[in-house]
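Taking the hints into account, I'd like the entire structure generated from these sequences.
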Amino acid sequence: MSCPNEFTCALFADGELHEADARLIALHVDSCEACDRLVTALRAESRMLVQCLQDVDVEEPVDVPELSSGRARPLGFASFALGIVGIALAFKLCTGILFGFDLPAEFGWLDPQEGTISLGVAVNAAFYAIQNADSVVTDTAQSIVFICLGGALLFGMAMAFKRTAAAGSMLGVLMAMGLISTPSHAVDLRKGAAASIPSTETIDDTVFAFGGEKYQSFDIAGTIKGDLFAAGDVVTVSGTVEGNLLVIARRVEVRGTVGGTLFGAAHTVVISGRVGRNLITAGDNVNVDRMASIGGNSITASRDATMDGTFERDLLSAAAMLDLRGNVGRDVSFAGGQVSLTGSSRVGGNLSARVGKEEDLRVAQGATIAGQTNLKLPVATPRSSRYLTIRFYVWQFIRVLTMFVTGLLLFKLVPALVPSRFISGTDWLKAGGVGFLTLVAVPVAAIIVGVTVIGLPISIVSVVLYLMACYFAKIIVAEFVGRSVMQASGVVSLLAGIFLVVVAVNLPWIGSLINFVLILLGLGAIALTVYNAVAYRRTAEI
Amino acid sequence: MVEAVETRKPPELDFEAIYNTHYRRVLSLCRYLLNSPDRAEDAAHEAFLRARSRLDSYNPAYPLSTWLLKIASNYCIDVLRRKSAEKRIFDPDAGQGYEPPSPGSSPLGEVLAAERGRDVRRALSALTEKYRVPLVLAYYNELSHEEISDILGVEQKQVAVLIFRAKQHLRHRLGKELGKGRLQ
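Residue numbers (my numbering), protein chains in the order written: chain D, 1 to 542; chain E, 1001 to 1184.
The set of hints was computed from the structure by calculation and includes no laboratory data. There's no promise every hint is true.
Per the computed footprint, the stretches of chain E lying under chain D, defined by three or more beta-carbons under 8 Å from a beta-carbon of chain D, are [as the list claims (entries may be wrong)]:
| id | region |
| --- | --- |
| 1 | 1017-1025 |
| 2 | 1032-1038 |
| 3 | 1041-1052 |
| 4 | 1123-1136 |
| 5 | 1142-1148 |
Ideal placement from N, C-alpha and C gives every residue a C-beta, glycine not left out.
Here is the structure:
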């Protein structure tokens, strides 16, 4: 047998070879002086390693600290989140008690004084939405779908980590089904050609009438005693619907009678019959004929609106162009481009118009307004919630993405910054304290150093580092949050953590405070990590 | 080498004593594995808390120290995995596979190196986790390759390769420090 290699000899020396192999090597070693020497040396080396490593237990005395279960108990995500939100809320309440509460912009609609403004804002928003319907609807829908999908995905993953992948997926599917499905009732369903109801027919129940796959037009000439839900190309109601009418079509014509409320969404809506209660429509063109009468309030959002006929109660309109020719029993409120009242028009209550310029309100001679005329010109940008803008969600998405990429790079380049040492509540309290000191001390020190001309570069560098650390701070906390939630560490947990942190800092009322607390914690974690690294290097050198 | 005194009494009676007896050993292991005194203290503490909550699962047929060291090893390796962005820290290097490593320097002389226990430990702390951890488990915990492969979740032959390479790196470092290429 030729001499075994050193690797095999090492396994033999450590007693890690299989019995048969070990017997062969033993035989060889007995007859080969060189291998015998090598195996003896390897055994001695192993003994020496055991001795050297275990000697530390007698050579270097240590103090045995007290064992307390509170010291390093890992802090769960729930307690961490509760702590942060609690701190922010407590601070808000304290300042509120001392200096008075101010209602945040997001809750403005709760304030009764703001009610009318809110209505105006709502009308303006609706008007804007109509004008930019395509892009607004598409973008909003996409954003919502992405957020829901992302949330479901993250939740599914979290569940999969905690339970099994199958359980997580099943839960996700069930949730999606729950979200998508709608309640259904027993109804009279009519499709395609059968959707038309002849004048001789009377239906006692609620009717769902659809144009079918070819999206046909149909006419409801008969009588429906319940509600009518209709969708088609041209939907005409020449008969009677005793309940409510909800219709979506390219063109809607109501020549007959609707006993309840009419909800209509169409390119063109023409009303020439009678609507017993409210008229709520949205479309490019809304036309209420001279013969029409509306028993309740009328709310319309459209590009062009021509309002003839009789409106027994209020008329609320958002339009680029409103032409009022008919008779309104109570108030008229308008928001949009231009409103004109012809000589034949009559308003029983007040007229308020929210328009861009004074000349956008035209009242012809002969028009009667029983109450006051309020012209509301834009004075300032109306207070609207940032949560209602798509821009906000796009920016938050970009924010998550940049934080995520930065986080990946940061932890790849400086893995020591992963806050694995910060596990208990005490650790984070300490980090918060150190973070506060860092937050205050660094700028002060930078100013002091910067005063002397020589210190200026140091001052600038430290300010830049400080600003970078402030940005990294939240990523570091996000890593901890993600790890706590997912019970694992990795790319997905980092993303989940960043998502949660971005959601938290955007919460109304306390978001900015949470942001501040998270910066404190992260900054403290960075400072302590750097301090520990320096201190450890020093002890290692000694 | 001082082996800790084994306790055969029902463990719940004097966990305090167990803690005081074995703390040193567990802390040393954590220091070797984590290479950081602060993190080692936290880890040793956490290991004892875990041990206390799992006392029921301890089998008195085996030495208590082995059980405690196993809990501490598992915890430290979890910490290392969490710290490392790369989870498979003990996997073979790309392209190297399981090929037995080529022989390098000769084994360290027993007497010479034993006098320099401190140097050996310092050289050990300079090794990367990948080599340091299996070496510590093999020569501090005195675990078999099979036991180490269980803890690290890698194959047994991979453990053998890692330990062999770790010793080569150690010899190389010590050789450079002592101004000698090869030690006999």
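- Item | 8 Å C-beta test of the region 1032-1038 of chain E against chain D, three or more residues | Since three or more residues must qualify, the claim that chain D covers the region 1032-1038 of chain E holds, with 4 doing so at under 8 Å.
- In terms of beta carbon proximity below 8 Å, does the region 1142-1148 of chain E have 3 or more residues touching chain D? Check passed, 3 qualifying residues.
- Query: Can the region 1017-1025 of chain E be counted as covered by chain D under the rule of three residues or more with Cβ-Cβ separation shorter than 8 Å?
  - Reply: holds (count 5)
- Can the region 1123-1136 of chain E be counted as covered by chain D under the rule of three residues or more with Cβ-Cβ separation shorter than 8 Å? With 4 residues closer than 8 Å to chain D, the region 1123-1136 of chain E meets the three-residue bar; holds.
- Message: Using a Cβ cutoff of 8 Å, are there at least 3 residues of the region 1041-1052 of chain E near chain D, or does the coverage claim fail?
- Response: Contact hint for the region 1041-1052 of chain E vs chain D: holds, 7 residues under 8 Å.
Checked against the numbered hints above, the structure violates none of them.
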